[in-house]
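Participant: Sequence:
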Amino acid sequence: MTDTIEPSTSCGSTMIHPRREPFEHGLLPIPKLIFSDPTQSLISLKQKLLESSSNHRVDSSTISDSLQISSDHANLLLDTLASVHHSDSEPLVRAEPGQNDAVGADVHDLVLLLYIQSYKRLLPRSHKDSASVADVWPSTSAFDGYFSALSPLQLMRSNSRRFMPSQADEEAHQLSYLQKHLANILSLLAEPGEGEGEGEESQVLTMDRFEHLGFLVQFGDKAEGNCLSQSSPFFANSDPDMPAVPVPVTQVRDWLMQNITSALENISERTSAKENGSASATDQDVAMIDACTVSVKSSASTRDSCFIEGISKSSYVKQASDIKGSTVKVLNCQESTIYVLAPLRYAIVYGCSDATIVLGAVGKAVRIEHCERVHVIVAAKRICIANCRECVFFLGVNQQPLMIGDNHKLQVAPYNTCYPQLEKHMSEVGILPTVNRWDEALALSMLDPHDSLSHPAGVSDVQAESATRMDPDQFTNFVIPNWLAEESTGSTNDNPFALPDAYAASQHKNQNNLGDIRKLIQEASLEESRKRELSSVLHVCFKDWLYASGNIRQLYFLQAEDI
1 MTDTIEPSTS
11 CGSTMIHPRR
21 EPFEHGLLPI
31 PKLIFSDPTQ
41 SLISLKQKLL
51 ESSSNHRVDS
61 STISDSLQIS
71 SDHANLLLDT
81 LASVHHSDSE
91 PLVRAEPGQN
101 DAVGADVHDL
111 VLLLYIQSYK
121 RLLPRSHKDS
131 ASVADVWPST
141 SAFDGYFSAL
151 SPLQLMRSNS
161 RRFMPSQADE
171 EAHQLSYLQK
181 HLANILSLLA
191 EPGEGEGEGE
201 ESQVLTMDRF
211 EHLGFLVQFG
221 DKAEGNCLSQ
231 SSPFFANSDP
241 DMPAVPVPVT
251 QVRDWLMQNI
261 TSALENISER
271 TSAKENGSAS
281 ATDQDVAMID
291 ACTVSVKSSA
301 STRDSCFIEG
311 ISKSSYVKQA
321 SDIKGSTVKV
331 LNCQESTIYV
341 LAPLRYAIVY
351 GCSDATIVLG
361 AVGKAVRIEH
371 CERVHVIVAA
381 KRICIANCRE
391 CVFFLGVNQQ
401 PLMIGDNHKL
411 QVAPYNTCYP
421 QLEKHMSEVG
431 ILPTVNRWDE
441 ALALSMLDPH
451 DSLSHPAGVS
461 DVQAESATRM
471 DPDQFTNFVI
481 PNWLAEESTG
491 STNDNPFALP
501 DAYAASQHKN
511 QNNLGDIRKL
521 IQEASLEESR
531 KRELSSVLHV
541 CFKDWLYASG
551 NIRQLYFLQA
561 EDI
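Here our numbering is used: position 40 in the sequence shown is 40, and no number is missing along the way.
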């Protein structure tokens, strides 16, 4: 065919977008998953996997043998694929914890996930107002320079604080990657055609194979229910009772390239308009907000994300009714308490310091990156922790926590809070309260081959530092103030995750000790002066504990209410 194919307009949107989830949550620092010649290696792998399966699906044992990786890494690959898959009807996505092997991974989805392991993330950017950032951000940690061999990582931790690339920059970077690798990606899904010719000229895509591209791209702003074939001129009006005619790969490639080029031009135009002072209301390159400002501190994205950025020395609350979309990104917050009491699909916490962050229920994946002295409380399907220091994670997670990068002095503990709608939110996103693998952390490589830094030879084989379990005697419940809970019929009054015996016993002991102290004080016959003295001592000790434990952050909300 030689007819010119125009960029798609059948979704009501002229823009093609990369799906962010595989690039944000689907990259694993496992050397054997990164191929020097991914196209030929993965075509051979695909054929081998298809020959071993009668239904185009493979389990972790087959993956382990074919890729020569451990069973733990094969299971991790299955979990990762499920967490970033584009279709909620995919059997692997719907599988209960521990049932992935019974379902298996679709071979074509698997090879696409393996192919993008060659992706390199953008470097973090410097904040445009570095002088103001220096006033509120902590100075370089004593850990910097501790490992002389890891000097490239110090770029991430210099005195000039680094920030995530803007959403526009990231999208352009991902689209450029897809543009460069599109022919190779299509070859992984193609089938031999009936016509004459060799190579790409003779290959075709069926509608089923075409749908697998929905793993990497989407049209319009909504990721859920992304039926790619209905956005294309090839299969949009296909009769569901009749098999659609396969389409030449070259035709699909040309159509996608036109759409990607159009999208990149659109991003470039928006970026130029912003630099000229005419930024649109939907632009997501949000500047850090002044610590004294009590106005808008978050923004909703047209791409299904909510951003909370630059909160400093205060508390901030987001309820389910406040969030438009299913992804939250908490960026560059410090000395604050952030409450996100909502059901989510994905969450990212990046560049935060000396903060407590409560994430309600995250049904797909959480990523915590480049944080220092942060307490994170989250109920989630899975969590990845990268390049963090002196942080504590109170977890209710159905899968093993993943530790990657240059981590130092991390602690994990069982989940320790509740709010009225919690169990409802967990049910909505598919988190099981009966499964909590908070203390089964899986540590991968210390250096991430997906970042754009150069690393010293041999260091990539060093395993990341894992986390230690919190001492049960140090474990306390985190109380979310009642007035923060959204009005509803929610009925979660207790922690939905059962505490391990040692932590439950410690809590019981602390409660008994508190009861004994109260009884002693009530029964003590003290003069008024002695009562005042005792009250003063208790007040000082309580204040010292608030600051030493970091729980002083919980009082910031009260201060904000009084202003």
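Read the hints as simulated data drawn from the structure, not as lab findings. Watch out, some of these pointers could steer you wrong.
Listed next, the in silico EDC-like pairs over lysine to aspartate or glutamate satisfying Cα-Cα at most 20 Å (straight line) [said to hold, decoys possible]: (1) Lys-409 with Asp-354; (2) Lys-46 with Asp-101; (3) Lys-46 with Asp-221; (4) Lys-424 with Asp-354.
Participant: For every hint, state whether the structure bears it out.
Facilitator: For each hint, the structure was consulted:
For a cut-off of 20 Å, the pair hint linking Lys-409 to Asp-354 stands: about 14 Å separates their Cα positions. A hinted pair counts as satisfied when its Cα atoms are at most 20 Å apart, and Lys-46 with Asp-101 qualifies at roughly 18 Å. Between the alpha carbons of Lys-46 and Asp-221 the distance comes to roughly 31 Å, so the proposed pair goes past 20 Å and is violated. Distance restraint check for Lys-424 and Asp-354: the Cα-Cα separation of roughly 30 Å exceeds the 20 Å cut-off, and the hinted pair is therefore not satisfied.
In this structure, the hints that do not hold are numbers 3 and 4, in rising order.
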